[in-house]
Structures are given as structure tokens and as C-alpha cells.
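In order, the protein sequences belong to chains A and B.
Last residue of the first sequence: 123 (this note's numbering), numbering continuous.
Last residue of the second sequence: 1308 (this note's numbering), numbering continuous.
The set of hints was computed from the structure by calculation and includes no laboratory data.
Some hints here could point you the wrong way.
Claimed, not checked - DSS-like, lysine-lysine: derived pairs with alpha carbons at most 30 Å apart: (1) Lys1091/B <-> Lys1055/B; (2) Lys116/A <-> Lys1091/B; (3) Lys986/B <-> Lys116/A; (4) Lys69/A <-> Lys986/B; (5) Lys983/B <-> Lys1150/B; (6) Lys1191/B <-> Lys116/A; (7) Lys1055/B <-> Lys116/A; (8) Lys913/B <-> Lys948/B; (9) Lys913/B <-> Lys116/A.
Unchecked claim - A few chain B residues that don't get close to chain A, going by computed Cβ distances all over 10 Å: (10) Glu825; (11) Ala849; (12) Gly865; (13) Asp880; (14) Asp892; (15) Glu916; (16) Glu1031; (17) Arg1063; (18) Val1066; (19) Pro1068; (20) Ser1073; (21) Pro1141; (22) Ile1198; (23) Arg1211; (24) Lys1229; (25) Ile1280.
Here the structure is a predicted model, which is why all the values come from computation and not from measurement.
The beta carbon of each residue, even a glycine, is placed where N, CA and C say it ideally should be.
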Amino acid sequence: MLLYLHFDSKTVKEPVISLTTLEKKTLINIIRGSVGAREGELFVEIEDSRASEIIEFIRSKGVEVTEIREKIAKSEDCIHCGACISICPVEVFSLNDDFRVEAEVEKCIRCGICIYVCPVKALELPSI
Amino acid sequence: MGRDAAIVKRKTIDGINERIKEGSAVVVTAEEMKEIVEEKGAEKAAEEVDVVTTGTFGAMCSSGVFFNFGHSDPPIRMQRVWLNDVEAYTGIAAVDAFLGVTQLSKSVEEYGGAHVIEEFVKGREVELRAESDGTDCYPRKEIATEITLEDVNQAEMLNPRNAYQRYKAATNSSNKVLKTYMGTLLPNFGNVTFAGTGEISPLNNDPEYRTIGLGTRIFLCGAEGYIIGAGTQHSPPFGTLMVKGNLKEMSPDYMRACVFPGYGVSMFIGIGIPIPILDAEMAKFTAVKDREIETEILDYGVPRRDRPVVRKVNYEELKSGKVEINGEEVRVSPLSSYFVARKIMEELKRRIENGEFFLSKPIERIPVRSDFKPMRQKEIVVVKNVMSEAIRISPETSVMDASRIIIDKSVNHLPVVDSEGKLRGIVTSWDIAKAVAMGRMGKVEEIMTTKVVTVHPEDPVEFAAEKLRRYDISALPVIDAKRRVLGLITSEDLSRLIVKR
């Protein structure tokens, strides 16, 4: 599951991710992050099966957690050219037996590069 | 089928048309034909099948539409004309203009000729604006109005180069993202892109152009179109076609404006070509398989016309979605839509079966041999023409020895190479001075820069100059594909070049 974590001026200094990993004995995949002067944000991937307890733990450390369910969306405009296939870092896109481009959206990490390369602007990331 | 054996041996296009009229013609898609020939052999397949339909749907930049807008009152000789702010070419008669698909809008980003053509086909209004100096016979100097496809006299799609038989695939060895007409190419061989539909693509199914020629009736973006000759840059087996068709009869289902980031606008064009199976040879041709269609993966990381070949590859490998480059698996993106190309094959098959589409006999063949010449231009200067000798040293050289070499040879840069001559690093006179000042008098490998910016011998000097500027350095080792140092190009070499010119 993909989470968006928002750290405020206090929590931004705390090693919350390491704490979670050690305490919960779980692996956390950091997708993307940024740290500012008074706050920070992280996109992380956590184990699906233990999502609720991990989220609860992170929240208990004072970090705001948003579950990201909004993944890449492909519209009817798609012409199935496949430009997105080799660009996606997590292999969301593939051609099916019918030669249509299929998207396994649950894999999406919201990097957005496919939106940029799609020649017919058929891809969109709903805002979170 | 119960046909007379003598007729079957050599069919004619007229004979096939007769059967299309009767509704008895046997029409199959190129995909189906592969199986039929595999199962029954070419002789038998030729007896049974009358027509094979082929298809392609890819971005074809060399496309556009000739318009005749009709005359205004008072009349104007349009010297410049814009359709939705996209300029069309008007160096012809008063109200004729050619709108190319790649022409960009002056005011709207990521909008161009292809989008305007799409608006027309979808029945939308387009703003026409024109200017003129005015003449006695055409006194009007400007006009602005709204038009639709119905309002114009002619809207003839005329594409100088379509239906490329096969393409070179693309990859990128450089360390930055490249935005090209072959899509976005990720650094360090991050991906491969290719175009064309391989074994179902029209020209691959008639590689000697026996039935595809000037006058062949084709499916063009949903309309009936014609081949009007070989396309520009026609160079078998990289053959191309020049085609035309009436825009007013076209359907948005088989054409689409597109944008390649950092490159510009183009248009996906849908082409289907029926291939009459006149004899066993034609049956054999139409049985061609992706694995028999070979091409090359080129390195777009090298900014030259003749890009280095990374490896040979066939369409079966490309379509598998993964190819191997330097021992690593690299993901592949097709840029043509196999899905829409198949839809076109099926649609063309349906039209022929229903007696809505008849074949035509080409009145002239297109050349099976043709050269694609490079542009004649003033000699371009490449790095190897101006590079200077590189004084190479080994990593074990002492800092003291290196400083002596710099003074004796009066150079500023010493490429550091291993026993095979491969680049390991570089030391500059500044590195040496710094090392001496800090008392680091060991081996050069302890003080050298290991991340070295380099160029290749065939790179244009402009490319080398750009690298010197971008990285704010004064010399670049020139290396070959195996990273062996061939020479050095310095800012002095480049300034000498300018003085000489």
C-alpha cells in the first residue's frame, strides 16, 4: 500500500521510519521524499497485510498519514501504442493478448512520468 | 472452392474483383494468412485465398492536407494563412494551402497541424485567418472567418512519406534523458522504442512491390485512398509510400493527433492495404513472420546522422517487450498501435467481403532499389579532425613524475589509463598544484578525477564545445566504444578552429 506521510516541524526531526521498521519488524520502501525547513513529506510503500497496524504506529509518532488509493487512470483516448510500457519504473503497463495496453494500477507509485510521455494525453493522476 | 485449376494458377485482379462483386472472394487478414500458409503451404493457400489485408497505425510526420477554401468577396490571394493559429503553406494558387501535421501553433503549446486536421474531421469549426499584399485581381488584404470541413471545396490528405516498411529501433547510451521522435529515451540504455507493425505491415507483405504500386487503392484513415508513388526517403527494405485520400471521408477512429514531448506534434495515420494473392509467390510473401523482419537498434545518444548500431534485432524480439543489451534486459515500447492496425485489417476485410471495396491494378511499380542519400553540406568538423595528442599516464605514476610531464610537454591534462589503454581518470595541472600544496605526493590514482566527461571521435565539434561549457571544464578525452583514449580535445583546439575559419 502506498502512503503519503506529512511531517510537521517537530516530527520532521524524528527518525520515524527507522523506528517503525525496528518496532514493527517490517520493510518500508521509500518512493520519494522532500524535507523543508519546517516540514517534510514522504511517499512510502508498506506491507498490505499489516497496513492498519503500521499506519497506527506511524500516526502515534505524530505523523499525518494519508492512504493513497488514487492511482494512474487511463482514459478511452488510449490508442494502445505502448509508449508508456518501457518508461514506467514499476512495470504498471503491458500489452494483453488482444494487444491493448493494460494497466495494473495497484503497482503505481504516482511518479507521473507516463503522463508526460503519453502521445495522446490519455493518462491522468487523480489528486490525493 | 471448385475453381478451375487453370484459372487458379494465375489469378488476376479483375478476376478477384468479379468474385468480390459476387460476394464469393476469400479475404483473410495478414495474421490469418500466416497460419493458412503454415498449415497448407503456399500453393494451396494461393488457390484458396484471394486477398490478404494488412494494416499499420503509427505516427507519420510526413503527412498533411491540401485545402481549397473557395474565394471570398472581394477575393484575396492568401500569402499567409493560419488555421487555429497554425500556419499552412500558401506558396501556390490564391486560396490553396497545405497544412502539415507537425506545424506548431503560434499561441497554444502542444497543438499543431495534426490537431487542426482532427478538429476538421470531428466536424468542428476552425478559425481561418489570412493576409495578403493585395493585387488588382485579388484586392483584399486580410480575412478572418470560421470554417468547417463541409465549407471547403477540397480537403485532400496528401502524405509524402507513410507506411514505412520497417524502422530502426532506438536506445540511448548517454547519461541524460533524450526526447525524440522515437519517444522518450531513458539514459544508460534505459529503454528501447520501435515503430512499425512488422509482419502485418503492408510493405513487408509485398516486399518486391508486385501488387503495391502507383494507383493501388488503399484504406486511408477510414476513407478510400490511393498510392501515388514511392514515398520520400524510399529505400528498400525501408520502403515508403506517398498516398492521398479525401479528408471529408475520413474517420477520427483511424487517425489521431499526438505530441511527443520535447519533439513536437505528429499524427497517427491508419493505413490498410489489400494484397491480391495472384500466385504462390504472393502467398509466400504474405506469410512473412516477425522473426524474419530484421532491423537494428541505434544509439540516439550519439548526436550524428549515422548513429552507431547497438545490435541487430528482429520484430519478434522487439514485440516480446524485452531485448538484451550488453547482457542486461531492457524494456521495449512499441510506438505504433498494433491494436488499431489489427482493427484496420479487420475493417478492410469486412469492406471487401461486403463488396464495398474493390482492388485496383497498379499502373506503375515503385522501385525495388533506391538510395537514400545524405544531405550535401559543407564539410562538418568532427572531434577527430581537431583533437590533439593525449599524453597518457598510468595510475601508478607518482604526482612528482606527473608534474614533470606537465611541464616538459607543456600540457594541462593527463588522461590516466590502465594497461589496456582504457580511461581510468584524468589529472590536470590544477590537481597537481593542489596535491603539492597539500603535501599529497603519492600516486596519481589517489588524486585523479574518476568521473570523466568524454566525447567520441565522430561527435561534431559543436557537441564537444557544448560539453565543455555545460561542465565548465577545458578538455575532454576522446574515447572509442571500448573507452580507449584516442586523444584529447581542449578549448584551445576549438578556439584555433574558429580563428582558422
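Subject >> Structure versus earlier hints - violations, ascending order >> reply: Failing hints, ascending: 1, 2, 5, 6, 12, 17, 18, 19, 20, 21.
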